[in-house]
Amino acid sequence: DGGITQSPKYLFRKEGQNVTLSCEQNLNHDAMYWYRQDPGQGLRLIYYSQIVNDFQKGDIAEGYSVSREKKESFPLTVTSAQKNPTAFYLCATNNGGTLNTEAFFGQGTRLTVV
Amino acid sequence: GEDVEQSLFLSVREGDSSVINCTYTDSSSTYLYWYKQEPGAGLQLLTYIFSNMDMKQDQRLTVLLNKKDKHLSLRIADTQTGDSAIYFCAESDNQGGKLIFGQGTELSVKP
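Here the protein sequences line up with chains S and V, keeping their order.
The numbering used here applies: residue 198 is where the first sequence begins, and numbers increase by one.
The numbering used here applies: residue -12 is where the second sequence begins, and numbers increase by one.
The following block holds chain V by itself, in its conformation from the complex (with noise of 0.2 Å):
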């Protein structure tokens, strides 16, 4: 079946890129996704990217898409300690909108 996977934890200081890595196994995905969790909250959508593109840059953001290797980065530039957070990654099963998420990775910035 499908199978998304994020690491757990990165830490980096504010100022600093963050680099947020994700492999996943169902190269039929149309769309992937991130999403954005604060404590004890839901999660909100970042941003998106079409499975025919390589790169989406918004704001701060960029995607970056490797279809090859199954394999989605979500850069942050400039991090804040605002953007602490849990980031899913995650990719629909094109069955009825179902999202398949990874264990999410916990954003740690330290000023």
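Just chain S, same shape as in the assembly (with noise of 0.2 Å):
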């Protein structure tokens, strides 16, 4: 099947501690991209890629840290500095075009600071 993979769905994070998330694709997207939700606030950009080695940040990037090493992966690191990381995390995909940016989801991880 087509689509994007998130792993772990679930993650418990003690406070001082880094934590990655997952996010695969099998899309053959160029751009991909991570939002974190929280409620009533919509999704905020955290970073994204729209090629291999390559990446940007977005609105909220302080405290979290990414790798593009692979077109297929787009790992995000929670970091200790993120002060409040307990949220919802997206990741999503593009075909990388200007025009029609159409994005496709992974199915998120919930991280739960304990």
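To be clear, the hints were calculated from the coordinates, so they are not data collected in a lab.
Take these hints with a grain of salt, some might be off.
Unchecked claim - Straight-line Cα separation of at most 25 Å, SDA-like style, residue types lysine to any residue; simulated pairs:
| hint | chain 1 | residue 1 | chain 2 | residue 2 |
| --- | --- | --- | --- | --- |
| 1 | V | 23 | S | 221 |
| 2 | S | 254 | V | 69 |
| 3 | V | 54 | S | 299 |
| 4 | S | 268 | S | 200 |
| 5 | S | 254 | V | 14 |
| 6 | V | 23 | S | 285 |
| 7 | S | 206 | V | 26 |
| 8 | S | 280 | V | 27 |
| 9 | S | 206 | V | 69 |
| 10 | V | 57 | V | 4 |
| 11 | S | 206 | V | 56 |
| 12 | V | 23 | S | 205 |
| 13 | V | 57 | S | 205 |
| 14 | S | 254 | V | 54 |
| 15 | V | 23 | S | 255 |
| 16 | V | 97 | V | 65 |
| 17 | S | 268 | S | 202 |
| 18 | S | 267 | S | 280 |
| 19 | S | 268 | V | 28 |
| 20 | V | 57 | S | 256 |
| 21 | V | 23 | S | 241 |
Each of the two chains sits in its own frame; use the hints to bring them together as a complex.
Written as structure tokens, this is what we have:
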């Protein structure tokens, strides 16, 4: 099946720990995105990558890091510097076109700090 | 910068029409989108409209675009309990394919 796989579905982190959220896609899309969702705030862009080995900060990149070593994979690390990491994290892709930018989403990872 | 605004909640009775409204700021957006999110899941594209169109109809869904007022709406005819979800309006920034989302409107359909 073609699609986007995020893992794990639920993740618990102790304060002070780094955790990495996985996002894998087999859609052969160039562009990948990480969004954070909080109740009543919609989706906010953390980082995005338009091509392998390149990525840019989004609106709320502080406390997060990413890598894009392979086209299929765009892992997100939530570092201890992120003061309020409890949220629902969504990974998305699109084909990188500049016109119709329909995004495809994974099922999300819910991160909770305990 | 770009901004997209939606009301947070809408409640309707089964069988009624639902209208979800959205305002946006970036007049250069080529496409505008409606996404649906069911509880605990990712977002699914419902429909989109090209910026040179005023209306698009797709089965029970009707999208209206008023470019002058930068207002987008989604009408769901004969709303069903399965339509209960959060609906997001989004515009593209035309720079690298980023989407800017509204806060989402939670639609509650009562039997």
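Results of checking the hints against the structure:
1. A hinted pair counts as satisfied when its Cα atoms are at most 25 Å apart, and residue 23(V) with residue 221(S) qualifies at roughly 22 Å.
2. For the proposed pair residue 254(S) and residue 69(V), the alpha carbon gap of about 37 Å is over 25 Å, so the pair is violated.
3. Distance restraint check for residue 54(V) and residue 299(S): the Cα-Cα separation of roughly 20 Å lies within the 25 Å cut-off, and the hinted pair is therefore satisfied.
4. Restraint check for residue 268(S) and residue 200(S): satisfied, since their Cα atoms lie roughly 14 Å apart, inside the 25 Å limit.
5. A threshold of 25 Å between alpha carbons decides the hint, and for residue 254(S) with residue 14(V) the separation of about 24 Å falls inside it, so the pair holds.
6. Straight-line distance between C-alpha atoms of residue 23(V) and residue 285(S) comes to about 16 Å, which keeps the hinted pair within the 25 Å bound.
7. Simply put, residue 206(S) and residue 26(V) have alpha-carbon atoms about 13 Å apart, close enough for the 25 Å limit, and the pair holds.
8. Distance hint between residue 280(S) and residue 27(V) is fulfilled; the C-alpha atoms sit about 23 Å from each other, no more than 25 Å.
9. About 23 Å separates the Cα atoms of residue 206(S) and residue 69(V), which keeps this hinted pair within 25 Å; it holds.
10. As the CA atoms of residue 57(V) and residue 4(V) are separated by approximately 22 Å, the hinted pair is consistent with the 25 Å bound.
11. Among the hinted pairs, residue 206(S) with residue 56(V) is inconsistent with the structure: their alpha-carbon atoms are about 40 Å apart, more than 25 Å.
12. With a C-alpha separation of about 22 Å, the suggested pair residue 23(V) and residue 205(S) falls inside the 25 Å cut-off, and the hint holds.
13. A C-alpha spacing of about 39 Å is found between residue 57(V) and residue 205(S), which places the hinted pair above 25 Å, so the restraint is violated.
14. A distance of roughly 30 Å separates the Cα atoms of residue 254(S) and residue 54(V); the hinted pair therefore is violated under the 25 Å criterion.
15. About 23 Å separates the Cα atoms of residue 23(V) and residue 255(S), which keeps this hinted pair within 25 Å; it holds.
16. For the hint pairing residue 97(V) with residue 65(V), the CA-to-CA distance comes to about 12 Å; that is within 25 Å, so the pair holds.
17. This hinted pair checks out: residue 268(S) and residue 202(S) have alpha carbons roughly 14 Å apart, not beyond 25 Å.
18. The straight-line distance between the Cα atoms of residue 267(S) and residue 280(S) is roughly 29 Å, outside the 25 Å bound, and the hint therefore fails.
19. Taking the CA atoms of residue 268(S) and residue 28(V), the gap is near 24 Å; set against the 25 Å cutoff, the hint holds.
20. Between residue 57(V) and residue 256(S), the direct Cα distance comes to roughly 23 Å. Compliance with the 25 Å bound is thereby established for this hinted pair.
21. Using a Cα cut-off of 25 Å, the hinted pair residue 23(V) and residue 241(S) holds, with the two alpha carbons roughly 16 Å apart.
Hint check: violations occur at hints 2, 11, 13, 14, 18; the rest are consistent with the structure.
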